[in-house]
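Peer 1: For this one, chain A is given, so just place chain B on it according to the hints.
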Amino acid sequence: MPVVSFREALNQAMDEEMARDQRVFLMGEEVAEYNGAYKVSQGLLQKYGPKRIIDTPIAESGFAGIGIGAAMVGLRPIVEFMTWNFSLVAFDQIVNNAAKMLSMSGGHFNVPIVFRGPGGAAHNLAATHSQALESIYAHFPGLKVVIPSNPKDAKGLLKTAIRDNNPIIFIESEVMYGEKGEIPEGEYTIPLGVGEVIREGTDVTVVSWSKVLQHITTKAVARLAEEGISVELIDPRTIKPMDWELIFKSVKKTNRLVIAEEGWPFAGVGAQISHEVQLHCFDDLDAPVERVTQEDVPLPYAHNLEVHSLPNIQRVIRAVRKVLYLD
Amino acid sequence: MATKILMPKLSDTMTEGVILKWLRKEGEKIKQGEMLVEIESDKADMELEAYDSGVLRKILIREGGKARIGAPIAIIAEPNEDIAALMTDAVPPAEPAMAGKPEPPAAAASPAISPAPTVAEPLGKLKASPLARRLAKENRIDLQRVSGTGPQGRVVKRDLESLLSGKTAIAPPPSGIVPSGQTRDVELSLIRKTIAKRMQESKQVAPHFYVTMDVDMEPAMSFRDQLNSASSTKLSFTDILVKASALTLMKHPNVNAAYLGERMRQYGEAHIAVAVALDEGLVTPVLRNCERKGVFQLNSELRDLVDRARNRRLKPDEYQGATFTISNLGMFGVEDFAAIINPPEGAILAVGSIIEKPVVRNGQVAVGHTMKLTLSSDHRIIDGVIAARFLQDLKNLLENPALMLL
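As given, the protein sequences belong to chains A and B, one line each in that order.
The numbering of the first sequence is my numbering, which starts it at 9 and goes up by one.
The numbering of the second sequence is my numbering, which starts it at 21 and goes up by one.
Chain A with its partners taken away, still in its complex shape (with noise of 0.2 angstroms):
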């Protein structure tokens, strides 16, 4: 199987649409003639020329209607945010036009548009470039939240969704870009809303996704395994739809659930997961459900500060040792 970094999934995923699909156009700052902020579309603006590959200006707002309003009248878009940070500057287009206006134009409108690029924290650049923030899109009806671990399933699940015809949130990192994966050969893609179980376990269900599921809960967990412990380990891969049978069928096993992410606490990924898994699963605990998150502050520049505040291989081997009654 070839051996690809996650931009060049990425880059692939969009090349296959675009030749797939006329329809199919990317827009955003940097995506055209630099060949993307993050190389995400090196070799696109050659191969399919500027009316397909459209440098935008730093107006973010803007370009996102733009996207919609092109979605909306039967093309498919990518947009591209440099990071995810900059899209609240669009929020109110993203949650107001492309997430409801399905629902308010009576189904007269799909709007099948994919936003992408980089979430989460990289390394040192303070608090408002630093955010994760698949929670809050995945609180608005009409979106779907899609977040790779792996350049496998970023190429399959970006493709999938540029064909989907719903809006599309879909979250990838700045510093797992270069990171290099197995990918099938040939065209493939993965439905949204399937979760995947990186690793079988018997004793503690343990759902990551992401960077903080690459950086620190596999290592984790491989620690964990060390001391003989037996952690099931499921990255999730769309946020919504979540994959709860996945989920709720590992619980059940285990009896346990730690989730790790790096979003913050309040009303995270995790506390919707820790609520469901209670409702479905309640007499299948053995523990309350633990979460590892961000702490809640804004991230500090400070690198001292900065990784006292996020998630580490620490913490999440302390939530599972907890749920399991060790310390």
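Derived from the structure by calculation, the hints contain no laboratory data.
Bear in mind that the values here come from a model prediction, so they are computed numbers and not experimental data.
Check before you lean on any hint, since a few could be wrong.
Output of the computed footprint for chain A on chain B, the stretches with three or more beta carbons under 8 angstroms from beta carbons of chain A [said to hold, decoys possible]:
1) 42 to 48
2) 176 to 185
On the chain A side, residues computed to face chain B include the following (Cβ under 7 angstroms) [to be verified]:
3) T197
4) F290
5) D291
6) D292
7) L293
8) D294
9) Y333
10) D335
Below, simulated DSSO-like cross-link-like pairs (lysine-lysine); rule was C-alpha separation at most 27 angstroms, straight line [what the hints assert, rightly or not]:
11) A:K330 - B:K45
12) B:K78 - A:K330
13) A:K261 - B:K157
14) B:K49 - A:K330
15) B:K147 - A:K260
16) A:K330 - B:K51
17) A:K257 - A:K330
By construction, the Cβ of each residue, glycine as well, lies at the ideal position given by its N, Cα and C atoms.
Peer 2: Quick look at chain B alone, frame taken from chain A:
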């Protein structure tokens, strides 16, 4: 997280406990599972382990002090955590004066440091995970009888698993022979201490009296032979005695009873403890609802209990909650003896050997088999006549075993 350590419920009849000894000092770091304090309940002295890790920040009840079940006795928290809220919470209103109930000397000895005895928090609030509740229901386990190892004594899956697989140690190993010419002091095992305390308390507090009766065992012997010839399981006389006692107890509510001060508690079930000798002391596993069980079932349950008692794998709920006890020394050639009542039970039956001896039948001397039964009774609830009638009925059943079928 700051947590209050609460006075645990250590026995069925416990309402309050006395702090015998703090094993750790204020300010010391405590790890979950470490022994924290020795507590004296109405039945036994037991060590309480810490359910949480942290620093023992505050001892609320000093040694010698008393607390009701569920009342806070100490606070465990992080070293710098603010425990002011818990402290105000924990400072108890004074206990209402209890007329005619003198404080035990231990409590009076340290009035200066001991805070006022606490009033109980809502009693019997059981902490158990939802899964533990479900497992308990499925396996018909009374969660109140399971000691939880989770935070604040929460009963969790592993507690039930260990119960269901029967892995619970109860006592330290025994000691060997004292070398000739030497003297030594041996620290008493917990089980030995419990026996010492309970037997002393029983003999001092419960006014015992004893009634002995001879039973012709020939009918019971042929009854047993008949049953045994029809089955691969071999019944013992104890099985038959348990069954006969259970049926007799159900007819004598004053014997199947406990003295509780102002009241007498009469039980509608015959839970019979059978004394089993171990090297380190006596244990009394309990056969439940013997009135409803057949002799073969009693036989297999008793075998299992005795087996696990010998391997020290009994759970507390398997040696607590009896309404009556049978102690059999017949196998050692003891003709008759008087046993000490196992409090709070009302009576105990001491069983001697079946002895071959001349008996007079129809004016003729013949060879017969007899056995002596001695009932020790608590005179506070059982009078001589009641004890005598109980033994009469029991004797009647043993001499006419077919009546047990009624």
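Peer 1: Each hint: holds or not?
Peer 2: Hint-by-hint comparison with the structure:
no., hint, verdict
1, 42 to 48, "violated (count 0)"
2, 176 to 185, "holds (count 3)"
3, T197, "violated (38 angstroms)"
4, F290, "holds (5 angstroms)"
5, D291, "holds (4 angstroms)"
6, D292, "holds (6 angstroms)"
7, L293, "holds (5 angstroms)"
8, D294, "holds (4 angstroms)"
9, Y333, "holds (5 angstroms)"
10, D335, "holds (6 angstroms)"
11, A:K330 - B:K45, "holds (26 angstroms)"
12, B:K78 - A:K330, "holds (24 angstroms)"
13, A:K261 - B:K157, "holds (19 angstroms)"
14, B:K49 - A:K330, "holds (18 angstroms)"
15, B:K147 - A:K260, "holds (21 angstroms)"
16, A:K330 - B:K51, "holds (14 angstroms)"
17, A:K257 - A:K330, "holds (21 angstroms)"
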